[in-house]
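Peer 1: In the UniProt record's numbering, the protein residues as written are 1 to 262.
Treat the hints as calculated values from the structure; they're not laboratory data. Please note that the accuracy of each hint is not assured.
Here are the simulated lysine-lysine pairs, DSSO-like style, with alpha carbons at most 30 Å apart [what the hints assert, rightly or not]:
1. Lys223 with Lys242
2. Lys254 with Lys3
3. Lys127 with Lys3
Restraint-style ranges between C-beta atoms, simulated for each label pair [unchecked claim]:
4. Gln199 with Met67: 40 to 50 Å
5. Asp188 with Arg46: 22 to 32 Å
6. Gln249 with Phe84: 36 to 46 Å
7. Glu43 with Pro110: 17 to 27 Å
8. Asn215 with Thr13: 15 to 25 Å
9. Ala259 with Gly70: 35 to 45 Å
All residues carry an ideal CB built from backbone N, CA and C; glycine is no exception.
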Amino acid sequence: MSKLAVNLSMIFTEVPLIERFALARKHGFDHVEIQFPYELSVEQIRTQLEQHHLSLCLINAPAGDLMQGGLGLAGIPGREREFFHGIQQAARYATLLNVPSVNILSGKQPYDADLLPCLEVLSKNLKLACHVLTDYHVQPVFEMVNGTDMPRFLIQNIAQAQDMLDAVNNPALKIQYDCYHMAMMGEDVLEGLQENITQIGHIQFADCPNRHEPNTGSIAYDKIFYWLKHSSYQGYIAAEYKPSNHSEQSFGWKTQFFANIS
């Protein structure tokens with residue numbers, strides 16, 4: 001059976017990150033994910049996880065300036081050394097905190113660079129990430145991000161992700177499948193899951209188009225969650241949305257769809 005998680009970087013943002021672990025436990029979650037946990041020390045995070053009986057199921061590798069509007073690291077020629085240091089930092093956090101998966105954000109094509117060299121750098125860096133992370137028994141994943149929210153992102157749809165899996169050619173590498181991003185790209189979200197589930201290592205969800213909680217947009221999560229519950233998928237399903245109101249008032253979907261999954 002799948003395991004349900006809540007993203008502490010996008011939910012419970014009414015309080016500082018270190019206070020969000022307690023709120024995750026209050027609302028019945030056993031698992032949490034954090035996009036970039038590096039503002040807290042390993043010791044601070046471990047204390048919160050132990051105190052509130054939580055597991056940390058996913059973190060992102062450092063992505064440089066990507067979240068501030070920059071290009072990022074993984075697919076950017078000339079930033080290979082910075083990527084290497086970032087994946088080492090992610091491996092350290094994942095190992096010390098028993099995190100099963102690390103997500104790698106591909107980055108954006110520079111205006112003055114051709115696409116092919118960027119994809120070649122991304123492929124080499126993903127191969128490196130596979131080598132580093134699997135040495136610590138951590139699964140590397142990478143995700144598709146829609147081109148509306150992040151123009152020129154190197155991997156935007158399923159076909160591009162499949163091409164990159166072929167280029168890396170390492171069975172350890174899996175896709176992080178974000179339902180919101182796929183809906184924004186015009187993909188059939190359920191069909192994408194059904195056709196690629198064996199290559200998916202982690203799933204995230206938010207509704208579309210406003211990236212709020214389920215039942216606020218156009219994605220048929222009743223069908224998606226029903227299928228996932230009855231599929232072979234054993235990984236995490238993580239709520240990664242921007243609450244439409246106060247975070248603590250956004251969990252109607254949890255009662256509706258996940259009454260028996262924590």
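Peer 1: Is the hinted range of 22 to 32 Å satisfied by the C-beta distance from Asp188 to Arg46?
Peer 2: Violated - the Cβ-Cβ distance for Asp188 and Arg46, about 40 Å, lies outside 22 to 32 Å.
Peer 1: Checking one constraint from the list: CA of Lys254 to CA of Lys3, max 30 Å. Satisfied?
Peer 2: Holds, at about 12 Å.
Peer 1: Lys223 and Lys242 were given as a pair; does the straight-line alpha-carbon distance stay at or below 30 Å?
Peer 2: 22 Å, holds
Peer 1: Measuring from beta carbon to beta carbon, are Glu43 and Pro110 in 17 to 27 Å?
Peer 2: The hinted range 17 to 27 Å is violated for Glu43 and Pro110, with Cβ atoms some 38 Å apart.
Peer 1: Would you say the C-beta atoms of Asn215 and Thr13 sit inside 15 to 25 Å of each other?
Peer 2: Taking Cβ atoms as reference, Asn215 and Thr13 lie about 20 Å apart, which means the hint holds.
Peer 1: Using the Cβ atoms, figure out if Ala259 sits within 35 to 45 Å of Gly70.
Peer 2: Given about 42 Å between the Cβ atoms, the range holds.
Peer 1: Measuring from beta carbon to beta carbon, are Gln249 and Phe84 in 36 to 46 Å?
Peer 2: 43 Å, holds
Peer 1: When you check the alpha-carbon spacing of Lys127 and Lys3, does it fall within 30 Å?
Peer 2: OK: Lys127 and Lys3 at ~28 Å, within 30 Å.
Peer 1: Taking the CB of Gln199 and the CB of Met67, does the distance hold inside 40 to 50 Å?
Peer 2: 26 Å, violated
Taken one by one, the earlier hints fail for this structure at numbers 4, 5 and 7, listed in ascending order.
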